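Next come the chains, spelled out residue by residue.
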Amino acid sequence: MKDSPVLLDVAGLTVEYGSGPGAVRAVDDVSFRLRRGEILGVAGESGSGKSTLMTALTRLQRPPARIAGGAVTYHPGSSDPGIDLLAASPARLRELRWDSLAVVFQSAMAALNPVMRLGAQFVDVIRAHRQVGRKEAWARAEELLELVGIPANRVRSYPHELSGGMRQRATIALALACEPEIIVMDEPTTAVDVVMQRQIVRRLMRLRQQFGFAIVFVTHDLSLLVELADRIMVMYAGRIVELGTAADLYHDPRHPYSQGLRDSFPPLHGPLRELRGIPGSPPDLRALPPGCAFQPRCPKRQPECTTTRPELPPAAEHGAACLLQQPADLPGSKAVR
Amino acid sequence: MAAQATALPLSGPLRALAGSVLVKRIAFYLVAGWAAITLNFLLPRLMPGDPASAILLKMTELGPVSPQREAVVHRLFGGANSGPLWDQYVSYLGGLFRGDFGLSIAFYPTPVTDVVSSGFWWTVVLVGTATVISFVIGTVLGAIAGWRPGRRFDSIASPLSIFVHSVPYFWIALILAFVFAFQWGWLPLAGGAGRNVEPGFTAEFIGSALEHAILPAATIVLTSISGWLIHMRNMTASVINEDYVLLAWAKGLHTARVVSGYAARNAILPSISGFAVSIGMVVGGSLLTELVFNYPGLGSLLNQAILNLDYPLMQGLFLVISLTVLVINFIADSIYVLLDPRTREVS
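Residue numbers (the UniProt record's numbering), protein chains in the order written: chain A, 1 to 337; chain B, 1 to 347.
Incorrect hints may appear among the rest.
Simulated restraints, written as ranges between beta carbons of each label pair [as the list claims (entries may be wrong)]:
#	chain 1	residue 1	chain 2	residue 2	range
1	A	Ala87	B	Val140	29 to 37 angstroms
2	A	Arg134	B	Ile331	29 to 37 angstroms
3	B	Ile331	A	Pro266	33 to 41 angstroms
4	A	Pro282	B	Thr129	16 to 24 angstroms
5	A	Pro279	B	Ser260	35 to 43 angstroms
6	A	Pro279	B	Val167	55 to 63 angstroms
7	A	Val195	B	Val136	34 to 42 angstroms
8	B	Asp333	A	Pro279	56 to 64 angstroms
Here are some chain B residues pointing at chain A (derived, C-beta under 10 angstroms) [said to hold, decoys possible]:
#	residue
9	Glu242
10	Leu253
11	Tyr262
12	Ile335
13	Leu339
14	Pro341
Keep in mind that the hints were calculated from the coordinates and are not lab data.
All figures in this text were calculated on a predicted structure; none of them were measured in a lab.
Beta carbons are placed, not taken as given, at the ideal position from N, Cα and C, and that holds for glycine.
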């Protein structure tokens, strides 16, 4: 996975709510790369900016949210110079959406149009991107539903006639409709029970094998990501605080926040650990603490943490934005306040 | 399988309509209709005093009253010298099916059926058309305002319609009549059509009727448009934040498709039920508007009936109004089920 070509290159992405001096920065200078066929997990508490990041990737942010800076470059082919999604024309963006970049939302009940038959919601997107007849599109919808274990005759059902788990799987099937290269998933398993969650995750892994799409998987559930993701990105107060492989994050979390996250979930396999919560509550983005945003809650806080904002080491395989991880003589030179 | 799937979207709703669900709904409306008819029978009999004697007294003032006419009054309104209640009820129902409501007092000696049907079409055409026009315009403008809440159109249209909404509609009618009919004389001041125009399916009559309808219709449209606008504006503004609309954008669908299939398609549902109710109310007439313009519709008739204590006419009008409301609601219910699958009952 490490060597596969870069599919999505996110550089310095910044999203703000509102403008002017009162603007709240929900995503702050986020950079990462998504490789072909990779599952990249994004973990964080509510308010950490992970959902805002997801909508910004697909340019679906709604006012008052606006993208204040950065670039999201999509590389359809390996030799291609890439398309900046944030600068693409509305028509170009419309072509790329779903065809290359599909989305699965958190609440499947709210994400399906209540007055359209399930199949019709597949047919309209298939026919918007592919030159196929109505009949063919309906047949394709049935195929897709069967792919996620929903009987083909459900194609004529309305969303309210399906169970919660079926609806969630249907939205995943919907995301596959045009065989996209990237699927962005915002907590797709949060609204279903644990058994259904396992089923969905297992099916997702199998589908990824079959179709080779890459996934950006957003969730607050780090233990789920450890099972599912190739790499994990931990977000706190709109910034990436740690980025590494799933194994790195699980066995060797370097940022105190990632350690706290890991220790607040029971492991799915292996011996039980003592569970610990993270003291305090997520920071107010309108008034971030000076220095490291996590320092008021950090069990390992040092005096310089309140004055120096740590940066994520660029291009590291596994890195954390924490002063404890950086050579002792460096922090002073990067003082921001 | 695929062929079946494409053919089914039409037959599905029809299938839901057929069978026991439709039968149940018809039964419900039949019971409601029976209740309306029975209340119409009971009300004059529950009134203090003896309306039948009062009516007969008035009729004798207006002209000779034959025994048959006296019998009709007793059948409709009870009275001292009529038989037991059950017999009265049976003969009341019998008269109803023959369409016999007795003679109007205000328009003595014209039968009530003739009086009601003379006003019926005036009102249905005027108020019905005006209601449809204001619904269409109000809903379209509301959707535009709600699509981009807070933008220029919204910030002008929404406060303006709240202002218009709070203006009494008869006052608007008076202003329109004063300015356009009295002051400038562009349009006729009163009536349904020119006095010397023979009613019929002629260009002259239709032209004259249209000319007379403009001001009352404008009154109704102007005052009711704002309700539709505000309603649709608020629904649209909330629906465009729904996940399924966001997903429609994410699918890369064209704006027209997002609006017609997702945003407006869902936002309009509550307006449709509101529309069904106001269409049902059409026959009740727009009382004050009809009065201001002296329009020969059901509203004016109701006013005359009340002023003249014309119980037979009132009874006939109430029955026509309540039965029309039921019929329209039945139709609206059946259509709404096609539009919103969530309201379909499982048979």
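For each hint, the structure was consulted:
Hint check: alanine 87 of chain A to valine 140 of chain B, Cβ distance near 34 angstroms, so the stated range 29 to 37 angstroms holds. In this structure, arginine 134 of chain A and isoleucine 331 of chain B meet the distance hint of 29 to 37 angstroms, their C-beta atoms being roughly 31 angstroms apart. Distance hint check: the CB atoms of isoleucine 331 of chain B and proline 266 of chain A are about 59 angstroms apart, inconsistent with the given range 33 to 41 angstroms. In this structure the supplied range 16 to 24 angstroms is violated for proline 282 of chain A paired with threonine 129 of chain B, their Cβ-Cβ distance being about 58 angstroms.
Our hint of 35 to 43 angstroms for proline 279 of chain A and serine 260 of chain B is violated, since their Cβ atoms are close to 51 angstroms apart. The beta-carbon spacing between proline 279 of chain A and valine 167 of chain B, approximately 60 angstroms, falls within the hinted interval of 55 to 63 angstroms. One distance hint, 34 to 42 angstroms for the beta-carbon pair valine 195 of chain A and valine 136 of chain B, is violated here, with the actual separation near 50 angstroms. At about 57 angstroms, the beta-carbon gap between aspartate 333 of chain B and proline 279 of chain A stays in the expected band of 56 to 64 angstroms.
The interface hint given for glutamate 242 of chain B holds, since its Cβ lies 6 angstroms from the closest Cβ of chain A, which is under the 10 angstroms cut-off. Here the hint on leucine 253 of chain B is kept, as its CB sits about 5 angstroms from the closest CB of chain A, short of 10 angstroms. Annotation: tyrosine 262 of chain B was flagged as interfacial toward chain A, and the flag holds, the nearest CB pair being 6 angstroms apart, inside 10 angstroms. Taking 10 angstroms as the C-beta contact cut-off toward chain A, the hint placing isoleucine 335 of chain B at the interface is violated, the least distance being around 14 angstroms.
With its C-beta approaching chain A no nearer than about 7 angstroms, leucine 339 of chain B sits inside the 10 angstroms limit, and its interface hint holds. This hint holds: proline 341 of chain B has a C-beta 4 angstroms from the nearest C-beta of chain A, less than the 10 angstroms allowed.
When held up to the earlier numbered hints, the structure conflicts with 3, 4, 5, 7 and 12 and fits the remainder.
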